[in-house]
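Visitor: Produce the entire structure from the sequences given, and follow the hints as far as they go.
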Amino acid sequence: MWELLQQNWATLLPLATGALGVLALLPQPRRLPSVVGVGLLVVTFVLATLAIGSVTTVEKGLFYGFSFIAIVAGVLLVTQTQPARAALSFTLVVLATCGLFLLLAAPFLFAATIIVYAGAIVVIFLFVLMLAQQTGRDDADLRSREPLLAVVTGFVLLGTLFYLIEREKATTAETPANAAGELRRLIDVARRAREAATPEQLRAVVDSAAVEDNRVKRLPELFLEQTRQLSLQRNALEAFEKRIEDEVTGPWATLPPDNGDAATKERRAVLEKIQVIGTEALALEALAPGALARSAPERSHRPLSQFSGPVGVPTAGLRTGPDGKPAMPAENPTYLGKSLFTDYILPVELGGILLLVAVVGAIVIAQRQDEQGKEIE
Amino acid sequence: MTPDLHHYLFVGAVLFVLGLVGFLARRNMILMFLCAEMMLQGVAINLVAFARYKGNLQGQAFVLFLLTVAACEAAIALAVILMLYRKRQTLDVSTWQDLREPDQEPTVDEEPLPAPEPQEKWPRLTPAGREPGHREETTRG
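So the sequence lines, in the order shown, correspond to chains R and U.
The first sequence begins at 0 in numbering that gives the first Met the number 0 and counts up by one.
The second sequence begins at 0 in numbering that gives the first Met the number 0 and counts up by one.
Please note that a few of the clues may not be correct.
Claimed, not checked - Here are the in silico distance ranges between beta carbons for each label pair:
#	chain 1	residue 1	chain 2	residue 2	range
1	R	L354	U	D3	34 to 40 Å
2	U	T106	R	R184	31 to 37 Å
3	U	S93	R	V155	21 to 27 Å
4	U	R99	R	P346	33 to 39 Å
5	U	R99	R	L3	34 to 40 Å
What the hints contain is simulated information worked out from the structure, not anything from laboratory work.
On a predicted model such as this, the values are computed, not experimentally measured, just so you know.
In this text, a Cβ means the ideal position worked out from N, Cα and C, and glycines have one as well.
Guide: Below, the structure written as structure tokens:
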């Protein structure tokens, strides 16, 4: 637990201050002065900026700018006591999101979202607010339902999402192609760490291998990750995973933290076993490279029809134009339109039917009826 | 040096969670609905980012359908909200808590709201001059 906090404090601290800030700003009968909440949120953003580091390109600057606007407007939307202002904050969220769409090379969605959301839906919201709130502010806007529980729920979920994204980032950064190479390197590090007689030599191995100190501590986990990334047959993979996990949860977990002499000896034994397992995995992979792949990434990336745009092969990156440069987003509406009317023609029709039904339903629901259910003229 | 996929996923996650917190905590029906729409925005960012970084258009097509469904949802939800408002004359969802499960305790607001701030007294000018007569003027002869 303590170790987890130590490793992830850079993520957890902004999360905690952000949660407290939102909690302090949510409308309640006895609310802290809003300076407290705003101050906590400022601290959150400063911490996040520290984690980001330097902004080197225009695209990154635009990305962080739009994200900042979207998140600040989102907090405003959640904490406003005046619904009309909240609706306007929502407009700001949508506009910032549209900026992100543009950065993601989706100009058609950028325009469509502005028209549909910022244009139509927000105007309807404002109309409903005008109709419904002619008597002034409602009591409901000054109270929250279980603010503490809501904030805890939300931010625990956010922490989980962050953790998963971080983990995926770590594992997908290396493609299966160089998983074998990484495994080979780890085997080498393990061999030299095993041959080290004293704690000092062990440290020298760590330094020369240019790996962080905790990587030798994490060596079995790394082996496990790399074995998983090799496209081994499922049975073989499970066997390897089980064997490594046996080693890790067994002798490795009970080792004293100190790099004492006895500990080094035990560590060496475990490393030797893990090294053997890694070598076997490599040999199996070399015999039948990707013959029975666990996942077929190429297949899942293939577009449905040729109109969906030439697909980027994972190794080659994004789709490119005839000049070899990444395709301009100006092609985007063309490809999107063709794709909608070839790959997704049935969903488009169903979407049209859904819109029609929704309009009829809205009219029926909004009709005034008297006690007997008759329409009022 | 462009932002990576996970940067966009982080932003999408933050928007989604803010919408979730608002949906759970706020009591104004329209605000709850806006928060749900914000959750959809977070999801849309995710989908477009995946489309970009996988190099195909499936995510963008999905977001178009998401827009369609969101528009339908807005139409229906606002009609329902108007109807509910007509019955109880308030947008507070807690007035509909008799629809809860039978074993749930009702939510009771125990803490009183702080007294509204007294209206400021502005200085008044004494009327000067004479008020003109209100004669009906017609355009017809």
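Visitor: Determine which of the earlier numbered hints do not hold for this structure and return their numbers in increasing order.
Guide: 2
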